[in-house]
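Model the full structure from these sequences, guided by the hints.
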Amino acid sequence: MNKLVKGAIAGAAGIALLLGGAGTFALWNSSANVNGGTIVAGNLHLGTATTGSWTVAHIGTNGTYGTAVTVTDLSKFKASPGDQLTYTSEVPVTATGDNLVAAVSLSPGSIVATPTSATHTKVPADDELARFLTANTTVSMTGSGITGTAPNYVLTAGSGAGISTTATVTATITFASGAAGAENTAMLGSVDLSGMSLTVTQK
Amino acid sequence: MTNPTTLATLLLAMRRTRRNSRSRFPLRAVLGTAFAILAAVGLAVITAGGTYALSNSQQPIAPVATITAGSAALRATALVVPPTPMYPGLTLFAPSTVTNTGTVALSLSGSLSAPAAPNALSQNLSVGFAVAPAAGCPASGPLATPPAGATLGSPDLKTAIVIPAGGQVSLCVSISLLPTASAAAQSQTATGLTLTVLGAQS
Numbered sequence: 000m001n002k003l004v005k006g007a008i009a010g011a012a013g014i015a016l017l018l019g020g021a022g023t024f025a026l027w028n029s030s031a032n033v034n035g036g037t038i039v040a041g042n043l044h045l046g047t048a049t050t051g052s053w054t055v056a057h058i059g060t061n062g063t064y065g066t067a068v069t070v071t072d073l074s075k076f077k078a079s080p081g082d083q084l085t086y087t088s089e090v091p092v093t094a095t096g097d098n099l100v101a102a103v104s105l106s107p108g109s110i111v112a113t114p115t116s117a118t119h120t121k122v123p124a125d126d127e128l129a130r131f132l133t134a135n136t137t138v139s140m141t142g143s144g145i146t147g148t149a150p151n152y153v154l155t156a157g158s159g160a161g162i163s164t165t166a167t168v169t170a171t172i173t174f175a176s177g178a179a180g181a182e183n184t185a186m187l188g189s190v191d192l193s194g195m196s197l198t199v200t201q202k
Numbered sequence: 000m001t002n003p004t005t006l007a008t009l010l011l012a013m014r015r016t017r018r019n020s021r022s023r024f025p026l027r028a029v030l031g032t033a034f035a036i037l038a039a040v041g042l043a044v045i046t047a048g049g050t051y052a053l054s055n056s057q058q059p060i061a062p063v064a065t066i067t068a069g070s071a072a073l074r075a076t077a078l079v080v081p082p083t084p085m086y087p088g089l090t091l092f093a094p095s096t097v098t099n100t101g102t103v104a105l106s107l108s109g110s111l112s113a114p115a116a117p118n119a120l121s122q123n124l125s126v127g128f129a130v131a132p133a134a135g136c137p138a139s140g141p142l143a144t145p146p147a148g149a150t151l152g153s154p155d156l157k158t159a160i161v162i163p164a165g166g167q168v169s170l171c172v173s174i175s176l177l178p179t180a181s182a183a184a185q186s187q188t189a190t191g192l193t194l195t196v197l198g199a200q201s
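First to last, the sequence lines map onto chains A and B.
Residue numbers for the first sequence follow numbering that gives the first Met the number 0, beginning at 0 and rising by one.
Residue numbers for the second sequence follow numbering that gives the first Met the number 0, beginning at 0 and rising by one.
Because the hints were derived from the structure by calculation, they are not lab data.
Note that beta-carbon positions come from the ideal geometry of N, C-alpha and C, so glycine has one too.
It is possible that part of the hints are untrue.
Said to hold, decoys possible - Cβ pair distances, simulated, as ranges: (1) B:55 <-> A:123: 30 to 36 Å; (2) A:114 <-> B:119: 57 to 63 Å; (3) B:74 <-> A:75: 54 to 60 Å; (4) A:141 <-> B:169: 50 to 56 Å; (5) B:94 <-> A:87: 45 to 51 Å.
Here is the structure:
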């Protein structure tokens, strides 16, 4: 074969090799199993609340609430716009879990219009009072291992046994005081608190 | 000069390359397939669904209880105005007892509403009220300066009178014919005037 042709062929072959065509390139690889360890679920539980107490404060003309006084018999107390009712009780809290953040609130249905019964006839004012009171409720919780401000608290349960503490729970129900006559529709209304429950929900 | 051994090596390598190229998928196609598989797997994982239930707990915290709202209510005794003929500058007084029948203290104010058929007399009357003195309301007297009452079209009468819940106050209601009343008010009779005592939670 003519050397010039051979050289051309060799050059062409070399160029073809350099261009690579569509060969396969197997990169090195390796694998190893990773032991996932043991995953344990946390826990968030509220125990039975103790019987608490009610206090009431009234807003002054300067916009601040006066000194709260104890209400010994809530059924005999007549709420009016500007009143702030506070219920305080103790609730056992068990929490296990790293980085456990929970929101605290009153459960839906905690404040409802008093239904008709042998001793009460439901009237529209009952619904109005329930509407006004439900619109202004807050819940706070304090205790060992519990930090934050309403409604979100950090339960510093940590690992291992977590926390088991008795938290002080305060539910505040405010009867707002709007423009003159704004709450007239709630006069003589009645609301039922028998379903008042505390809910702690992980966030 | 080209080394024959080198050329043979090159030719052999070229033939191997050609065989390898014929027996393998094109690189682009291989990668495309791999991505498709990964995408399918990934998609399957994402859409696998399942539920993610955050921990929560609920506990009743209050014993059976109800909250009842109070009320704001006033009741006033009927007004008996002396049948004394009026003249500009004269004030007539009539007593009325206002009782707070609600559950909150009420601050009093007053407003005057026109009769259905106003006339020169009714349009020049000023009506007001104040706490009655211990001796009771006088029957009549000269007009107070400035007039301490509500007139038609003017702002409501404001007072500093506060009635506690369940309490009551004796008022002297004053009816004054303004000095500016024209002669057209003579011999007129004003009926249907309504003085409304307003109580606002204080």
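Evaluation of the provided hints:
no.: 1; hint: B:55 <-> A:123: 30 to 36 Å; in the structure: holds, 34 Å
no.: 2; hint: A:114 <-> B:119: 57 to 63 Å; in the structure: holds, 58 Å
no.: 3; hint: B:74 <-> A:75: 54 to 60 Å; in the structure: violated, 23 Å
no.: 4; hint: A:141 <-> B:169: 50 to 56 Å; in the structure: holds, 52 Å
no.: 5; hint: B:94 <-> A:87: 45 to 51 Å; in the structure: holds, 50 Å
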